[in-house]
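Protein sequences appear in the order of chains A and B. For the first sequence, the residue numbers in our numbering are 1 to 145. For the second sequence, the residue numbers in our numbering are 146 to 497.
Hints were generated in silico from the structure; no laboratory data involved. Note that beta-carbon positions come from the ideal geometry of N, C-alpha and C, so glycine has one too. One or more of the hints may lead you astray.
[To be verified] If the Cβ cut is set under 10 Å, some of the chain A residues that face chain B in the computed set are:
| hint | residue |
| --- | --- |
| 1 | Asp42 |
| 2 | His44 |
| 3 | Val65 |
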Amino acid sequence: MSGLADIAVSVEITTGNVVPLLHEVRHALQRLLDTGEPTVIDLHSLPLAPGELDTLEEKLGEGEVSATLNALGPSLLRETAVPGVWFVTHRNANEEITGQYLEIVKVPAILEAQDVDIRQGIAALSESLEQANTQDQGETHDGSN
Amino acid sequence: MARIETVGEALARQGVSRRAFLKFCAATTSLMALPPSMIPRVAAALEAARRPSVIWLSFQECTGCTESLTRSDSPTVEGLIFDMISLDYHHTLQAASGEAAELARTQAMEENWGNYLVAVDGSIPLGNPGYSMIAGVSNLDMLQETVEGAAAVVAVGTCASFGGIPHANPNPTGAVGVGEIVTDKPIINVSGCPPIPVAITGVLAQYLTFGQLPEMDELGRPKAFFGQSIHDRCYRRPFYEKGQFAESFDDEGARAGWCLFKLGCMGPITYNACATVKWNSGTSFPIEAGHPCLGCSEPNFWDKGGFYQPLSEVEWGGWAQLGTAAAAGAAIGAASALAARSKQKKAREEEV
């Protein structure tokens, strides 16, 4: 025997949950368009047979936008071929999946720069500019320029 | 007593960005089996939460529960243990030993009196204290002493919850679960042999986030993880509904992934989240691997007859009715789960 793939076991099982899930996505998209309300579906909370997640990804297709977030491990955010529907996969530092979601939203909130981080960025940039300024003044004063 | 920093402060001190914090909150919300719409509330609560002290006691156990915990992947257990809770005592994980280790326990108790959590894995022998001692102290005495100032107790695993395998007939050590001894503190049972790691961390995360234990079922288990039977959430359920069963482990039905009820699957009477949360980073669970559920999160699971006999043939709780219906392929559905639970309860009462 050369490997597990040679064992004749059929895994063509379906729970029948993929199509209802797609209906849920359609309703959520309409709600997003009408009211702006986003929806997040936790894919780990649903019983899905082996392979059904792949089927779901296949049905939704590949869209125009893909983003990688590096925070406590890598996260991949991919828009599907259905605009406004995002496949979001979070991984930890060991690259193990910590969450898989379908986000029905114009842009996933986690991609937006956060106010707290922006404030820290301003502080860091100001400090850097101040240092550069001090250095310039020092060099001018020395007449080294 | 030193001021205990909040989770938000601890993360900021470590340079964790807001985005990373939101990602952590998404994982934690999922961990608690809460809907994603709760993520903002979880973020607000976590930011202000203070790190609780946790004292972990290991009694008659195999360390499988700690193994399960240290395999927990969301959030990483290292993060949870070292950053989110203050794990002040744990035989297996702590570096200290002997008197220094016991001192860590008593100090944590004194400093956090009335507020600390006690996690217990393993059963407690009542037959003879000498069956299991730590630093010359019997499990019973250590448990009673430690829970005195605790806010709540988390019984981790089926042994701590219901006695588990040490409690199995003929129960030579007189093993019992925590609930048989501690009667004046809130107890939450995270059963399973071992428990699903995220169920353990989910309970800790819930306490950390909201300062209280989650909603429980009648066996004291968190409903978020034990609210539905394996059968209710099983991806093979459609085959059960159609009456398509594997009759042996190598027949056509087994190869086609049909229902394992006739091979002894305890899914209809077992309440746990294996079918959705799964194991090993969501890779699979026993039924997906082709093996019936053993019912390890239920009381007395070791004494329910043969593991490979269908429920209809197991001499426990009178299962003929369910078995006949299932064999006929009847769509018992939720009714079977209700019947299972009520019969299970009755059987337990009769046993007592």
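His44/A as chain B interface residue, shortest Cβ-Cβ below 10 Å
holds (6 Å)
So, Val65/A near chain B? Judge it on the closest CB pair being under 10 Å.
For Val65/A, the interface hint is violated, since the closest Cβ of chain B sits about 17 Å away, which is over 10 Å.
For the restraint on Asp42/A, tell me whether the closest CB of chain B is nearer than 10 Å.
holds (5 Å)
In terms of the numbered hints stated before, the structure departs from hint 3 and from no other.
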